[in-house]
Every structure is written in C-alpha cells, then in structure tokens.
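K.L.:
Residue-level listing of the chains:
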Amino acid sequence: MALLRHTTGEIKERSALTVNPAKTCQPVGAMYAALGVKGCFPHSHGSQGCCAYHRSALTRHYKEPVVAGTSSFTEGSSVFGGQSNLITAIDNIFTLYDPAVIAIHTTCLSETIGDDLRQISQKAIDDGKVPDGKHIIYASTPSYVGTHVTGYANMVKGILKGFVKKTGTPNGKLNIIPGFCEPSDMAEMRRLASMMGIDITMVPDTNGVLNGPLTGHYEMYPNAGATPAEIATMGDSIATIGLGRWATTEAVNYLDSEFKVPGKVLPLPIGLKATDAFVDMMRRLTGKDVPDSINFERGQVVDILSDYSQYFYGKKVAMAGDPDQLLALVEFCITLGMIPAYTVTGTPGKYFEERMTELLKDVPYDCKFKCGGEADMFLLHQWVKNDPVDLLIGNTYMKYIARDEDIPLIRHGFPILDRVGHQYFPTVGYSGAMRLMEKFLEALLNRLDRDAPETRFELQL
Amino acid sequence: MSTKPTNVEEIKKELIAKMPTKVARKRAKSILPGTEMGEPIPEIQSNVRTIPGIITQRGCTYAGCKGVVLGPSRDIVNLTHGPIGCGFYSWLTRRNQTEAGPDGENFIPYSFSTDMTEHDIVFGGEKKLRAAIQEAYDTFHPKAISIFSTCPVGLIGDDIHAVARTMQEELGITIFANSCEGYKGVSQSAGHHIANNQIMKHVIGTDDTTPIEGKFKVNMLGEYNIGGDAFEIERILEKCGFTLVATFSGNSTVQDFRVAHNADLNTVMCHRSLNYVAEMMETKFGIPWIKVNFIGAEASAKSLRRMAAYFEDQELIDRVEAVIAEELVAVNKVVDEIKPRTEGKTAMLFVGGSRAHHYQELFKELGMKILGAGYEFAHRDDYEGRHVLPSIKVDADSRNIEELEILPDPERFKPRKTEAQMAKLNEQGVDFKGYEGMIEGMGKEAMVIDDINHYETEKLLEIYKPDIFCAGIKEKYIVQKMGIPLKQLHNYDMGGPYAGFNGAINWYRDIDRMVNTKVWNLIKAPWQSTGPELEATYVA
Ligand code: SF4
Ligand code: SF4
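Protein sequence lines, in the order shown, are assigned to chains X and P. Residue 76 in the working numbering is what sits at position 76 of the first sequence, and the numbering runs on without skipping anything. Just remember that the working numbering sits 1000 ahead of the position in the second sequence, which is counted from 1.
There could be a bad hint or two in this list.
What the hints assert, rightly or not - When the alpha-carbon atoms are kept at most 16 Å apart in a straight line, the in silico EDC-like pairs for lysine to aspartate or glutamate are as follows: (1) K1012/P x D1493/P; (2) K385/X x D406/X; (3) K1022/P x D91/X; (4) K1417/P x D1431/P; (5) K1018/P x D91/X; (6) K370/X x D390/X; (7) K1459/P x E219/X; (8) K1284/P x D1207/P; (9) K1424/P x E1312/P; (10) K1018/P x D98/X; (11) K1029/P x E1014/P; (12) K63/X x D1493/P; (13) K1284/P x E1445/P; (14) K1444/P x D1138/P; (15) K134/X x D98/X; (16) K1481/P x E250/X; (17) K1417/P x E1312/P; (18) K1029/P x E1009/P; (19) K12/X x D1138/P; (20) K1143/P x E1039/P; (21) K1284/P x D1409/P.
Because the hints were derived from the structure by calculation, they are not lab data. Here the structure is a predicted model, which is why all the values come from computation and not from measurement.
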C-alpha cells in the first residue's frame, strides 16, 4: 500500500490549500546566512516556537550545533510590541554568549505587529546594551512573503548593510555572494577562484561552520565564516558575482548602488554550462587566465558525459526545490540529454517561468513546471502518477514519492534529513558536476541492473 | 583550571554566576537538589516564561497542540492556518509511527497548510481557510478536519472557530479549530491543554451506538507511538487480556476518540500532555484514571499489576503475572549481558514533560546513576506531585487558556467503582489520580533543573562529564562535540520502540552501544595525544 495513498492522478484545481510544500519560511534562510559570519549569533525576534523550529531544521540538515536566541514573545509583547523583549535579549546575549555580532531577523509575529528593528537596535545601542566593538545587524523576514530563499537573500543584504564601507582604496578583490547552497559548495567556489589566483571575499561563508570537525570541545563560534572586518572591505572590491538570482540579487544590487561595485548575477554554478559561466565571469572581471588545472577538470566532465551519454539520453526527471538550484539542474539535465519533465518550486518569481520556458524550448517533450502558491510536492506527485519518470531529484521529503512510485531519488536541496554528504561534497563547479553525474548514473544503472532479466544482466556497460 | 564544585548548591552558584542579576535571580528558583524517598519536596519554579535571548530547549503552543497531541491521529486532516513554515516544520519530524488499518486512511505523511501570503495577512485569512477546507474535503474526503492557528492568525483576528462551524454544517464531517498561536503560552504545554479541550468538546464520546466488546476496557492517554512505542504496549495489553479502546494519540483514529468513553479505566503515560482529558473524562463519564509508566521493564510490570488490580479479577491478575514472568525472561537475559558494561555509568536527562522521569527507570535497570534531570515544559505537579495542584498560582499565561466547565453527563455518567471500592483499591496501591512527580527519590546529589538553557547545559557537562546525556535534536550535536553521546528522547534517533518489554531490550542495547562506543577515543590523532617523541635522531 502506498504511503501517500490519498494522492491520486486526478488533478483538481486548488487555490488555497498547500499539501506537502516545496518551500519553507524566511527566518530559517536568514538564520543560515547569519551563521556564515564569524562570531555571529542569530536571533529570532518573535515567539520561541519559530526559533526552535528553525534551529531544529538546520540541525537536522547539517548534523551540527546551531544555536540562536529568541525574544520569547508573550501575549503582551504581541499586543504592545516586542521592543523591551528584544533589548533584554540583546543584553542577555552579549553577557552570556559574548558574540562579535548579533544578527536579528523578524518572524511573522513581529512583522505583523510592525516592530521596527532599525529603531530598536538603535535604542539598544543608545541604552549601552551593545559593548564596544560589538555589532547588531538585522533583516526583515516576514514569512508570508517569499520563502526561506527570500529570508536568506534578506539577511545577506542585512549583513552587507551592517558592515560594508568604502575607503576609496581599491583592494583588488572580487566579492562572491554564494546563493542558498551547502558549505561544501561555498568551499568549491572558493577553490575555483583560488585556482585562478583570484583573491575573493565570500559572504556568507558557512564552510567550517556547518561541517566542522569533532574535537572534543564545543565552540559556539567556530573559527570560520566571513569576518566583519573582511566584509567591511567589500565596498573597495573590483566587482561582485552573485550566484543564484533569488538568493543574491538584492545583495549584488546593494553593493552596486551604495558603493559603486559593479555586480553580475549568475545562475548557481551547478552543471557544466553554469560553471562555465561562473569561471568565465571571474576571468572577465579580473583579467586572470583560466589555468590548465581548471580546463583539465572541465575536460573530465565532458569525458564522463561522452562515455555515459547513452544512459542519460532521454531519461525523464521530476524535481522539486529552490528556483536557483532548479534552473541550474534543469539546464544540466538538458545538457546531459535528459528530459526535465516535471518541476515545482514553492518560491514564486516570474523569472522562473520565463527562464524555464527558454530552457525547455528545444526539449522534445511536453514538460510541465509551476512555482509559488500551490506548486507543491502533492502536485508533482500527481503529475508523476499520470506519467512516470526515471529519476526524482529533491529533498528528503521526496522519499515518500520515490517509494510509492518505485523511482530512484537523488537527494538535493533543503532539507536533507536522512543522508550525509551534502555538507562535505559539493554539487557546484566541475567537481560537483562529476559528483552529480556519478549520483545520477548510480541510480539509473542500479535500476537497470535490478530490473534486467537474466539474459540481459551483463558485466560491462 | 579551577577546582570543580561538588555539591548541588555550589554547582548552582557556578551555573548562575555569569548571568545578569535579574536572570540569575529568576533561574535560581528553577534549580534544586533532588530529595530522598519520603522527604518533603521543596517548591520548584516551572511553567514560567523563558527569558528573552536565552537559548532554550522549548518550542511553542502550536507545537504542543498540533505536533504532539493531535498530529499523531492518522485519519484527521490536520490543517495549519498560517504562513508555510509552521506547517512545514511539524511535518513528519516526530516519528509518530502509523499503521493505516483496514480502512486505509492515513494522513500522517502529509502536511496541509493554508500557506498565508501578505494579501491574507492584510485582508484576513478566513476566506482562504474556508476554501482550503473545501479543497481538502474535495480531494481527501476525510472524516475530520482540525485547524491550527499560528502566531499571525491570532493577531489579525481570523475567527477560525466560526469557519469550522459553518464548514462542518456544510460538509457534514467533524471540523474543529484550535487557537494555539505560538505566543499563547510559555511552551508546548499550553498547546497540549488547548488540544485536550478541543478533542473533549468535539470528539470524545460522540458515538454511543457502536458497541465496544471486551471485559477489561482501557484507554491509553499520552502515548504518541514514537518509534512504535504504542505498538509494543498494544502487544502487551492484548496478551494480558485488556481491550484497548483508544490511544491518545499514537496511531489513533477519530472513531477511537468517539467511543473512548466506553473504557472503564484511563491510564495516563505522559501526565503533562493529557492529564486534562483524564480529569475531564472522569468528571463527565465517571472513568477513573491512574498514572502508568511503560518505560522500563520493572515499571511496565508495575503498571500492568496496577491495571489488573483495578479490575479485581483473579483470572486477569493471574494472566498478567504470567505475561510478566514470561516477558522478563528475555529482558533479564539481556540485562545480565549488558549491565556489567553499563553499571556505575552516569546519565543526565533534560526533556519533555514526563520523559525525564520515565526514562530514569531504564537507566536504573542498567545500574546507571542519574546526575541530573529536568523538564522542558512541565508544571510544578510534574516535579513535586499532584498534591501541589491546589497551591499552584494561576498566572496571566495560564489564564489565557480556556478552562472547560465539565459536569457529569446527565445520561452517560456512570461511576465505575463505588467510593468504598476506590478507597480500598487506593490502599492496595492502585493510587487513583496519583502522580508523585519526578523529584522524589532522585537523591540529594542529583540536580533538578526546569527549562534548562544552553549555558547551564554547557556548564553542567563541563562539571559532571556524564557518560550519556538525553535531550533533543537542538542539543544533540552541541553535546556530542564535547565528546559526550546524546540520546534523543523526543524522537529516539531512529531507534525504538523503548516502551514495554521488547522496548526495554532495545534500549539496553542502544545505551550499551552509546556509552561503550570507541568513537570518542578517536578524537585525538596519535600526534595530538602525546608530546614530541623522536623515533630516531640524526647524529652529526
Ligand atoms: S511561518 Fe512564521 S510563525 Fe511559522 S515558523 Fe515561520 S516565522 Fe514562525
Ligand atoms: S514528555 Fe512528553 S516529550 Fe515529551 S512527548 Fe510528552 S509531551 Fe513530549
């Protein structure tokens, strides 16, 4: 019997009910971004449940400590405003946990009552609650607008707003704003830049924070992440590259308009073409040559693709996740000769539809996609029921669909609760492309072997 | 390094030393030593607001209402009214196992939300809620729909109860709503109470026509089937000859709730989350309740004996004894094997609203010592025993939650025992409405801490270095970074069941693995554990 037994192929129009969402709410993205700043303590301004949920979600995904404070709203604060709770919180946090920075984000509750973080933060400073050399930064993250991706974008901008300055002396560096991706992905972006000999500032940078070692000591602030001093210099950089339209556009535009640091927003560098675009943009912005070591890795990707093309060709994929990831994955699937038959994301955005239409225009299949409102895993499952696919790509919640429909699942996106790897091994860059191809092939070929009759069960492929 | 404090008072001073004065003053009232058996129990501060900025274990009212009490019912469409997050995070993360049964209805793997957007916040969300209920009905045809409101809904003032009423009339199925906005209470606890009220009002005892067969009919309250606990308890109860009418709320169904008033005894596992229903059912239908504990082999045996004694039936009593004897054979064999490896090791538990008490039994069976324990969202009665109930002051937060006025049902109130019988049974140890709380018997050396926070946890671990620590997912990797294993007692780290006899065996094996694993010895590389050592020297 099916686990999702109530999901039938018959699709009824829905306008109000979301079932099995392909998204979550803003603050979790904000909390994640804040953890990419060294010595930063995220704080959730609202009632404590949101904070507990967001900490749990991040902890489950990363299997790493995630601490954060909450303003612990009472019914009274919900009516009269949360100012006094927040100021008490700031005082307690600096006294007990001694962070370099507190990164405050709002929740549905504090947004609805209209608490003004800028004003409250200023009051905390005026009241002497912020010790010398310490900082408060903030972002407004109402969950009824956008999704966790929006929250990430808002906090990244909040981080820049809190620290970036311009001295007028160019520092010769390139700013990289990674989108909502894994610590391993951020490390890979950094590796590519360093292979090109480019000095970068990456904000946020969760590598080393959410994939740290076991040492026998707990450190609330791991020795990783972008430092406030580094972030401050971003106004003096050559240019900014943002990777992921939803997650980074705001930040890139901010650096451009406030500090005249020109910026480019590219897709997340998942797959061959998106990685090419990233490398090429770094080359063009800095004038550095692409070294042979990078050409070598790129060549390996093409090599695997040519060796295994027959197994990719024509395979149908259904995927759910964040738009920045999906657009790059869809493009990569097409590069591999696969068919991205069904795609949903809960994150709204007109660009998603435009770009998907463009990407799919030469794909010989009636591919369906949807974003925002009722674009959920329930709909994706119904599509797949009516027209089975060969592969599913999505977060851990997709495993129910995978089991019911007996289709292999590649775990990608947020959250991944039941597997390890995303924290440590990238899926961006050329090495990430190789890893993705390996995963795809493993799933497709295992399936082929499993289903093969005796006569067709063969040693070599 | 300073010398380590050794007694509870010194440790307490150390825990609060760095806190701002106001915080320290407040926290001091929530930290106590345990007591010896029979000693008077001092008052502990609990069920009060978490201090802003303090890293807490707690969740919110919604989590207690939807996530804990109503969520694990398999055939109710549990619809979260609010922005997407709350519904998303309470989706399958509590491991309430389900067996869909012959009717095949099971909504547990689904997450339903109205996914409110800015437009709904500005113009009100009632219309969307109504439409969502209609769509849920059209697509899923459930027997019941239960609605949960989240923080912003309370603020904009959507009348979810009115929507529930009209939609119930229109669709002819059970629809009810819970005003469980996160900010309503100090923790999950408020949500438990709200859910209790709503199932009492709308579901329990609404079916008088379906006959319930069975000689010894019981309900199991406060058992959520995490890791399959309820399945193991069901196995044992059936083997003993009890008829389990309803479990609240592991793998439960609307129909179970509707006929629950047919039971002759309510047994309460998690006292905190369901004591309200137990009380209300006694008043309304005359069903007495007793506290049971199926965590620990000895505790399970004791609970079964109490349940059998209540029915005053020799055949049942004998059968229960036979079952206990039979089950204990396997249990004892494993204890004998494992105890030499666990004896004398130490544990701390800071979880939930009764688990930190229940699980002490299992540790004791392994010869382990409890250094400290406390609850995340308990009230004073969970610590000090139910006799303190009359002395608990009702504060503003508790006044927020509706107190139902329950009266004996004019037709259906039927006392199960006479007062004389009750008194006699009480003497024999059946102990109606009795709960002695966690503190008694923990001993003077143990620390009792309510609503422990991160700072205190870290300090305690430094001071005590226990062999194992029990808490939840948020604490898990913090503690493990220090080289101390953490066992999750909210969702068991994919382990379990731990209830009943087979559960005890699972537990012994898991704890053995956790406290005796080699991994913690691998933290240092060979070159980190010793000083410079020259294997060979170059002599010029
Ligand atoms: S949706 Fe809003 S109320 Fe719910 S968890 Fe997210 S921030 Fe909190
Ligand atoms: S004690 Fe219990 S842990 Fe915890 S389930 Fe009850 S309500 Fe939650």
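K.L.:
All hints, please: hold or fail.
P.N.:
For each hint, the structure was consulted:
1. K1012/P x D1493/P: Violated. K1012/P to D1493/P sits at ~31 Å, over the 16 Å cutoff.
2. K385/X x D406/X: holds, 11 Å
3. K1022/P x D91/X: holds, 11 Å
4. K1417/P x D1431/P: Since the Cα atoms of K1417/P and D1431/P sit roughly 14 Å apart, the hinted pair holds (cutoff 16 Å).
5. K1018/P x D91/X: holds, 13 Å
6. K370/X x D390/X: violated, 20 Å
7. K1459/P x E219/X: holds, 13 Å
8. K1284/P x D1207/P: The given pair, whose Cα atoms are some 15 Å apart, holds under the 16 Å limit.
9. K1424/P x E1312/P: With a Cα-Cα distance of about 11 Å, the restraint between K1424/P and E1312/P holds, given a limit of 16 Å.
10. K1018/P x D98/X: holds, 11 Å
11. K1029/P x E1014/P: Status holds; Cα separation ~14 Å.
12. K63/X x D1493/P: holds, 12 Å
13. K1284/P x E1445/P: Judged against 16 Å, a Cα distance of about 43 Å means the pair is violated.
14. K1444/P x D1138/P: violated, 60 Å
15. K134/X x D98/X: Holds, at roughly 9 Å.
16. K1481/P x E250/X: This hinted pair is violated, its Cα atoms lying about 36 Å apart.
17. K1417/P x E1312/P: holds, 11 Å
18. K1029/P x E1009/P: holds, 12 Å
19. K12/X x D1138/P: Given pair K12/X, D1138/P holds - Cα atoms ~9 Å apart, limit 16 Å.
20. K1143/P x E1039/P: Roughly 51 Å between the alpha carbons, so the hint for K1143/P and E1039/P is violated.
21. K1284/P x D1409/P: holds, 5 Å
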